[in-house]
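Protein chains in written order, with the numbering used here: chain A, 1 to 328; chain B, 1001 to 1328; chain C, 2001 to 2328; chain D, 3001 to 3328.
Be aware that a few hints might be false.
[As the list claims (entries may be wrong)] Listed below are the simulated SDA-like cross-link pairs for lysine to any residue, each with C-alpha atoms no more than 20 Å apart in a straight line:
hint	chain 1	residue 1	chain 2	residue 2
1	B	Lys-1135	C	Ala-2010
2	C	Lys-2316	B	Met-1260
3	B	Lys-1316	C	Arg-2322
4	A	Lys-123	B	Trp-1266
5	B	Lys-1038	A	Ser-287
6	C	Lys-2123	D	Thr-3261
7	B	Lys-1132	A	Thr-261
8	B	Lys-1073	B	Pro-1027
9	B	Lys-1123	C	Glu-2255
10	B	Lys-1132	C	Val-2191
11	B	Lys-1091	B	Met-1067
12	C	Lys-2135	B	Tyr-1192
13	C	Lys-2029	C	Arg-2052
14	C	Lys-2316	B	Gly-1213
15	D	Lys-3132	C	His-2257
16	C	Lys-2132	D	Gly-3258
17	A	Lys-132	B	Asp-1249
18	A	Lys-130	B	Met-1260
19	D	Lys-3123	A	Met-260
20	A	Lys-132	D	Asn-3225
21	C	Lys-2316	B	Arg-1322
22	D	Lys-3091	D	Thr-3065
23	A	Lys-132	D	Gly-3258
24	D	Lys-3123	C	Asp-2249
25	C	Lys-2038	C	Ala-2010
26	C	Lys-2038	D	Glu-3020
27	D	Lys-3316	A	Arg-314
28	D	Lys-3038	C	Glu-2017
29	A	Lys-135	D	Pro-3148
None of these hints come from the bench; they were simulated from the model.
Given the structure is predicted, the values throughout are model-derived calculations rather than measurements.
4 protein chains.
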Amino acid sequence: MGRIGCLHAANIRASAEQAELIAVADPIKKLASVVAKKFGCRMYETPVKMLRDESLDGVVIATPTQMHTEHVKLASERNVPMLLEKPIALKLKEADRIASMVGRSRVKFQLGFNRRFDLSYSKTKMMIMKGKIGKPILVKTCARDPQPPPEEYIQRSGGIFVDECIHDIDIALWLMNSKVEQVWATGTTLVYPQFAKYGDFDNAVAILRFRNGGLGVIEGSRTSNYGYDLRTEVLGDQGAVRIDNLRNDSLELLEAHGAMTQPCPWFIERFAQAYRSEIERFCDYVSQGGNSPVSAEEGRASLQVALAARESARRKRAITIRDERKTA
Amino acid sequence: MGRIGCLHAANIRASAEQAELIAVADPIKKLASVVAKKFGCRMYETPVKMLRDESLDGVVIATPTQMHTEHVKLASERNVPMLLEKPIALKLKEADRIASMVGRSRVKFQLGFNRRFDLSYSKTKMMIMKGKIGKPILVKTCARDPQPPPEEYIQRSGGIFVDECIHDIDIALWLMNSKVEQVWATGTTLVYPQFAKYGDFDNAVAILRFRNGGLGVIEGSRTSNYGYDLRTEVLGDQGAVRIDNLRNDSLELLEAHGAMTQPCPWFIERFAQAYRSEIERFCDYVSQGGNSPVSAEEGRASLQVALAARESARRKRAITIRDERKTA
Amino acid sequence: MGRIGCLHAANIRASAEQAELIAVADPIKKLASVVAKKFGCRMYETPVKMLRDESLDGVVIATPTQMHTEHVKLASERNVPMLLEKPIALKLKEADRIASMVGRSRVKFQLGFNRRFDLSYSKTKMMIMKGKIGKPILVKTCARDPQPPPEEYIQRSGGIFVDECIHDIDIALWLMNSKVEQVWATGTTLVYPQFAKYGDFDNAVAILRFRNGGLGVIEGSRTSNYGYDLRTEVLGDQGAVRIDNLRNDSLELLEAHGAMTQPCPWFIERFAQAYRSEIERFCDYVSQGGNSPVSAEEGRASLQVALAARESARRKRAITIRDERKTA
Amino acid sequence: MGRIGCLHAANIRASAEQAELIAVADPIKKLASVVAKKFGCRMYETPVKMLRDESLDGVVIATPTQMHTEHVKLASERNVPMLLEKPIALKLKEADRIASMVGRSRVKFQLGFNRRFDLSYSKTKMMIMKGKIGKPILVKTCARDPQPPPEEYIQRSGGIFVDECIHDIDIALWLMNSKVEQVWATGTTLVYPQFAKYGDFDNAVAILRFRNGGLGVIEGSRTSNYGYDLRTEVLGDQGAVRIDNLRNDSLELLEAHGAMTQPCPWFIERFAQAYRSEIERFCDYVSQGGNSPVSAEEGRASLQVALAARESARRKRAITIRDERKTA
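Please model the complete structure; the sequences and the hints are all you need to start from.
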């Protein structure tokens, strides 16, 4: 029951009309018991037991990425609809396995790209689909975290592209509605030189070329000490959409040296509505069916681009993304 | 179970860690049963029965203003902490009775001025208390509703100052931290001439003079066909704070004729966070005690100013607010 | 050659295609000679001499308000087109005399309400004329100066309504396109109590009732220590226009405590474009004729409202503006 | 006397205290005569004649880029201080020749990167120098023109990086205060496929790696049909600066479908102040000496990066910029 797991638990509990929180599982008994007590639900030490003993309509998997394959397997075998946290996996092979299990079992699967359910992002998608900006030419994203994760996490996070920018890569793919054919990326360690030994960066940028001729610019930072800074824009041949930082207040303090405003401090506040809507969308998907709101294939595609960006930055050359994987 | 009653019910249900929704009451059985079913709680046809049969830790009273005295009496007699919707009453005499009942019974009482719990407003209050803008000189509010209430409601609403601007008057009193000694107001019926026959206005403004020498400008509109427009600002001798319209998305559409943004469409979206926080604050008040977050006396003070504004606009002269009521 | 006189001289000099700066006059020889040297023009100690000895196509009168009647008389007698600085006069009787002289002599006369030539204001007027906001219901203005004029100036300035707010009153009359029938005003001296002895205020507000049923709110401050703050808005029954503070840069500094921007520091920067356009408009008027861009009658109307506001604030009662003056 | 030449002429004429416009030269006699008449100055058919016959304190060279070397030579030989329009040249060899001539003759030389004199940009530079954002990590620029130049111009413009993005490249080099060591760029012709035959793009992006470890992202568009869109930002390890689109009015039109604002329509309006300041700075440089405001070496450096970006985009590989040219 990490930060995101607890957030999902609270949102399930709050969306009481749609879903009931039955049980939580965590090998660290103390963590599970805190949540279980708070929300009045049962607790398990392992997902295996939970899935065996409970008859669940859906499960949220917010376990460490390394364990995703195992836990998707469990849920697939029991045909329990699942909401899997991002990234889908750390390796393309694992993503393929997950996509393959989900495909074969036909279990309902939704990947945890919460940003898709944010009002600004979903409105942008709608506007593009309605032709408001014409044909998309360029997508640009900016994601700056106020501080990096702990160094021990850096070692196994998959790197800035796989851990942080994968949200932006997913959004870029979704908004451009095309696949990426080539990636060029680079990064620096001007602030945390120690990240270099894990092949990681504190700041990084990537250029994407899409198959439809469109372009993408992905920018990620882990050193934005002035606060969380999250923006996206799409330029089309008829107009453009800019998603700027959201504010959760609307006040401006006017002092002799200037007028001051404050953006949302961090992703929890920025995406509070998106996390709630994501759960609601998952509930609708479970109860009403239809296409996956965010499919395993989409999760694989974003991972592939993120891995290509990492490789490009390490090898200092453009990486071409091959047409398709051989076989699932 | 009107619009606000249902909203409170949903928020109580969602804030599950703090409170449990036990029962709802409405003489229109159908309304009560919809809510009761949705949230899995009991229902009553009258508040009397509900308060008699249930052992409640708190009650939200969102009944028509004309019934406030009766319902506050019920809750006071049973010593059930209550959150009473605004305005406290339509007449000063009724407000006095409510304040008096609450005072004598020492029941916990919180008036439903939700705006106080909005992030922008609570931050503003904090900034002023911290001296960020120095001594407050002037408060200005603007509240424009996209459309007026139905004509039949207009007849018994108490008028634009009592029904709509009372929120702004409360905020003005709270931020200036002083009482009003004189009010000058006027209004028009340029858009809905039929409002004139009820002595009401579709657009109105008032100037307040505070006892501490400060000034206030209250502006209310029921004809803002371009959307909800809600702003407040305080000018101090060292700086100022402006609360502008909040947006619940952060996107901008760029087209040949300009860049377009959208504010929150209506008060439900604008104050979603405030309504949630109001319930949380009420729960804290019930469980932990302390001063009333919004007292009956404060409710009376805002009503007094609103009534003075109405009288000023009708009689076309300044109204001086006498020092104090005779007796509690 | 005060601040505004020099500004006009520089703008005439810069708009070289349209006009040539021939001469300046100031009884304080030193002031005139600085400007004359800088711009390579002749200088005079008195307007009388200048108007007698030079053959001028136009003259800018930026003398103390008390001398306006005398100087307008001079220019009228010689039929020299004039741009007269605001306010037209300090007393209504003087404004009447000026309007009357101008009317009889049919000399070209433009009053120095520079704000009318500001891009934001002229666009707003255009939008209203095109019906973009429907029928205007309410105009609100805010003018906050960073510091008050020197106390000796306060004594003879005519007061905050006549000296500072007259710009806003003119704009309100212009945008509402109606006359004012009633004024209610009040003010404070919370920051400069010494202003009270001159019957003046450091902060003041006024409500205007227009003959067409529209409303106006005028707010003026001389204590905005956080900077110049100048805003206007008009609410119509189909939409609204807001003119917010203009910025002359577009940068935002992002620091840990927030995002900081800066508005134009003072009216010289805020209205640089407007002052240039005002001179250009004057040149066009001189060379091409047509209606006065800002007539003496308009100057008289704004003065009348300003004087009514001052009287209202002093006498603490509403002032009704009588239909028309008896005779010109 | 093209668009920019006329603009400089008007600005010299307007800055009358600092400089006098003596003469203009253009082989197309008609163009020169229009300007000469308008501003009352002499005209020449060739720069040679003008420089021979007039005793000039300075000259603005706004001739086609192909002729820069010839005209810089003329001015250098006569030791006439010059303001040369950007880009310095189309080929690095020419830039070297110009830098070399200027270096040997020690003539005063200022390159026409007007953006450096824009208030937003100069304030940003100042803030960075003062350490407001700490160590610069990343610079991002966005320059979107509302429409492309005519196709015949595209053929000899040097391409989008040399013609349009060179402004942004100069700003990036200036703000990062470091040299570029590697460039990766790519572009599309989604809107104007015909540009492909000249090896040019309608939209393009480039990533820069600076020697100090910093990163840069340059984005240029010639298809921004929603208007001129010009932004720059610098992320530092202590904060960031964002330069957003400037507006030359401050109004917002509020209609049922949203709130609309408008940015400056095109670079002439956007940089009106910068062009004026550029001339003033040139006058100061001529009269007072000191370092060149924008040196030939800086012009060469930006051209080198622009050419590397063009080569990268054409050859689809990263281009490393070699340490230094051998010899001038």
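Against the structure, the hints:
1. B:Lys-1135 / C:Ala-2010: violated, 41 Å
2. C:Lys-2316 / B:Met-1260: violated, 44 Å
3. B:Lys-1316 / C:Arg-2322: holds, 17 Å
4. A:Lys-123 / B:Trp-1266: Cα-Cα ~18 Å, so holds.
5. B:Lys-1038 / A:Ser-287: holds, 17 Å
6. C:Lys-2123 / D:Thr-3261: Measuring from Cα to Cα gives roughly 12 Å; hence the hint holds.
7. B:Lys-1132 / A:Thr-261: holds, 14 Å
8. B:Lys-1073 / B:Pro-1027: holds, 18 Å
9. B:Lys-1123 / C:Glu-2255: Status holds; Cα separation ~19 Å.
10. B:Lys-1132 / C:Val-2191: The given pair, whose Cα atoms are some 16 Å apart, holds under the 20 Å limit.
11. B:Lys-1091 / B:Met-1067: Given that 20 Å is the threshold and the Cα spacing comes to 12 Å, the pair holds.
12. C:Lys-2135 / B:Tyr-1192: The hint holds at about 13 Å.
13. C:Lys-2029 / C:Arg-2052: The given pair, whose Cα atoms are some 18 Å apart, holds under the 20 Å limit.
14. C:Lys-2316 / B:Gly-1213: holds, 14 Å
15. D:Lys-3132 / C:His-2257: Distance of about 13 Å is within 20 Å: holds.
16. C:Lys-2132 / D:Gly-3258: This hinted pair holds, its Cα atoms lying about 13 Å apart.
17. A:Lys-132 / B:Asp-1249: Distance of about 17 Å is within 20 Å: holds.
18. A:Lys-130 / B:Met-1260: Answer holds: A:Lys-130 to B:Met-1260 is near 16 Å, not above 20 Å.
19. D:Lys-3123 / A:Met-260: It holds: about 17 Å lies between the C-alpha atoms, which stays within 20 Å.
20. A:Lys-132 / D:Asn-3225: Given pair A:Lys-132, D:Asn-3225 holds - Cα atoms ~12 Å apart, limit 20 Å.
21. C:Lys-2316 / B:Arg-1322: holds, 17 Å
22. D:Lys-3091 / D:Thr-3065: Status holds; Cα separation ~10 Å.
23. A:Lys-132 / D:Gly-3258: holds, 15 Å
24. D:Lys-3123 / C:Asp-2249: Holds, at roughly 9 Å.
25. C:Lys-2038 / C:Ala-2010: holds, 9 Å
26. C:Lys-2038 / D:Glu-3020: holds, 13 Å
27. D:Lys-3316 / A:Arg-314: holds, 18 Å
28. D:Lys-3038 / C:Glu-2017: Roughly 7 Å between the alpha carbons, so the hint for D:Lys-3038 and C:Glu-2017 holds.
29. A:Lys-135 / D:Pro-3148: holds, 18 Å
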